[in-house]
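Undergrad: Keeping their order, the protein sequence lines are chains A and B.
Using the working numbering, the letters of the first sequence map in sequence onto residues 1 to 326.
Using the working numbering, the letters of the second sequence map in sequence onto residues 1 to 171.
With a cut-off of at most 30 Å between alpha-carbon atoms, the simulated DSBU-like pairs for lysine-lysine come out as follows:
id	chain 1	residue 1	chain 2	residue 2
1	B	Lys83	A	Lys251
2	A	Lys154	A	Lys23
3	A	Lys23	A	Lys35
4	A	Lys251	B	Lys56
5	A	Lys251	B	Lys61
6	A	Lys251	B	Lys158
7	B	Lys141	A	Lys251
8	A	Lys291	B	Lys150
9	B	Lys141	A	Lys291
10	B	Lys141	A	Lys265
11	B	Lys83	B	Lys150
12	B	Lys158	A	Lys265
13	A	Lys251	B	Lys145
Chain A stretches covered by chain B per the calculated footprint, using a threshold of three residues with CB under 8 Å from any CB of chain B:
id	stretch
14	241-251
15	269-278
Calculated Cβ distances over 10 Å to all of chain B for the following chain A residues:
id	residue
16	Glu18
17	Leu52
18	Phe122
19	Lys153
20	Gly224
What the hints contain is simulated information worked out from the structure, not anything from laboratory work.
Please read these numbers as outputs of a predicted model, since none were measured by experiment.
We put the beta carbon where it would ideally sit given N, CA and C, even for glycine.
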Amino acid sequence: MIKIAIIGFGTVGQGFAELLVRKRDEIEKAIGEFKVTAIADSKSSISGEFSLSDTIKMKRETGRLRDDVSAMEIVRNAEYDVLVEASVTKIGGGDAVEYITEALRRGKHVITSNKGPIVADFDGLMKLAEKNGVKLMYEATVGGAMPVVKLAKKYLAFCEIESVKGIFNGTCNYILSRMEEERLPYEQILKEAQELGYAEADPTYDVEGIDAALKLVIIANTIGVSARYEDVEVTGITQITPEAFQVAAEKGYTIRLIAEVSREKLKVSPRLVPLHHPLSIRGAMNAAMFKTDTAGNIFVAGRGAGKEETASAMLSDFYEIYAGSH
Amino acid sequence: MSEVLITLIVELEDRPGQLLKVLQPISALGGNIVGIIHQRGKKTPLNRLPVEISFKIDSSKVENLIKELKSLGIIIRSFNEVKLTATTSVLLIGHLIHTDISDTISSIDTDGEAECVEMHVSMPEISGPSTAIITISASGKEKLKEALEKLREVCRRKEITIIEPVNEELI
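Please take these sequences and the hints and turn them into a complete structure.
TA: Structure follows, in structure tokens:
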């Protein structure tokens with residue numbers, strides 16, 4: 001019986017729990033029986049005997065869980081084999097660093113959707129996992145449902161990954177592709193994106209390229225380019241004019257926010273992308289082009305955010321831990 | 001057939017019709033004018049005006065052109081031929097006119113091995129930011145990289161946003 005503890009029970013945590021309920025039969029067929037033994041959010045928790053569906057319902061209706069035991073106490077004392085860490089990303093890592101560290105020290109696998117701790121201490125956490133003979137999985141931190149981490153580490157095994165160029169922020173890609181279509185000013189399209197829920201009320205984190213830069217750091221470390229957030233040269237999309245799309249189109253280009261990592265480069269910036277190039281993808285999408293020595297160019301694309309998309313990436317990590325090597 | 005970029009500096013008398021005498025033979029041989037710069041500040045003691053003319057032309061026609069210009073009595077001060085093998089486009093956004101776009105662009109060409117061969121500026125409001133796409137050609141990939149590095153430097157200084165192509169390997 002695989003025991004799961006979930007820390008962080010907002011959109012992503014709930015999304016993961018819902019998938020466990022909905023796909024229980026398929027999951028158990030593949031990796032054996034499992035049980036959620038504890039759940040915690042920032043102010044409440046539940047552990048011991050409980051129904052997962054009822055708990056999801058309670059959280060949705062009341063905004064909290066049954067008990068008052070803190071998340072840290074759950075991480076430290078609850079009985080589990082794998083910690084699903086889905087708390088909100090904080091630059092610098094926040095409490096999540098301690099949750100993950102504690103779980104790894106206890107010899108528990110960790111699956112996280114949280115960029116903060118992975119960016120803050122990639123090497124330290126990976127070494128800690130290795131030392132304790134467990135896995136730290138973080139597919140959901142980058143590209144939502146789009147496979148990036150396992151693609152690089154597993155499916156492109158023994159390839160030298162020379163560079164990765166990608167679109168890792170759906171909000172920016174939505175805004176840029178709408179500017180391309182409508183030739184309207186940035187501010188106007190931003191407002192539209194906010195009304196549709198693609199952009200936050202304070203869009204800084206997305207439009208200044210911060211989110212994409214955090215993800216780039218994770219990808220860089222994944223392909224063996226040691227990098228910190230401070231190393232990334234970041235330019236956002238707020239300066240781009242509607243005319244830029246006009247003049248670019250005359251030479252066969254559009255503009256996208258591209259994150260690029262190679263041995264020489266660690267950069268997030270708007271770039272001219274040929275109209276026929278796969279990275280000219282439109283809408284709230286993510287995409288990535290891996291350039292390798294032996295496998296040529298590999299291109300992936302998919303929805304970069306969303307409750308189910310992110311949860312699906314975490315579920316694929318869950319599968320990888322228990323069935324991936326068989 | 002291979003195209004070359006010629007930078008020609010001629011000395012012209014400062015009176016109407018002189019420039020046309022140089023341009024006509026270039027045009028007649030299929031040359032494509034890229035830029036003309038009057039060096040008004042550099043008048044010679046004989047009151048002649050140096051004019052720099054850049055143009056692209058088929059390499060096989062260069063010799064005839066020079067002969068033709070000389071036979072017309074045009075004084076050629078210098079003549080520089082560059083084989084353009086690497087080309088890229090970059091987009092510039094910012095106060096391009098106020099920050100002297102001609103200075104921005106000439107920054108890439110310090111040794112005659114790279115040149116802005118095409119430019120399109122869009123300036124919707126006189127006070128707002130303008131946008132330009134420029135095409136740079138150089139005598140090789142390395143020279144093109146150098147030119148881009150110089151352009152980046154100037155753009156940093158002038159607070160111009162520079163948007164580079166994602167497909168450098170396709171240059």
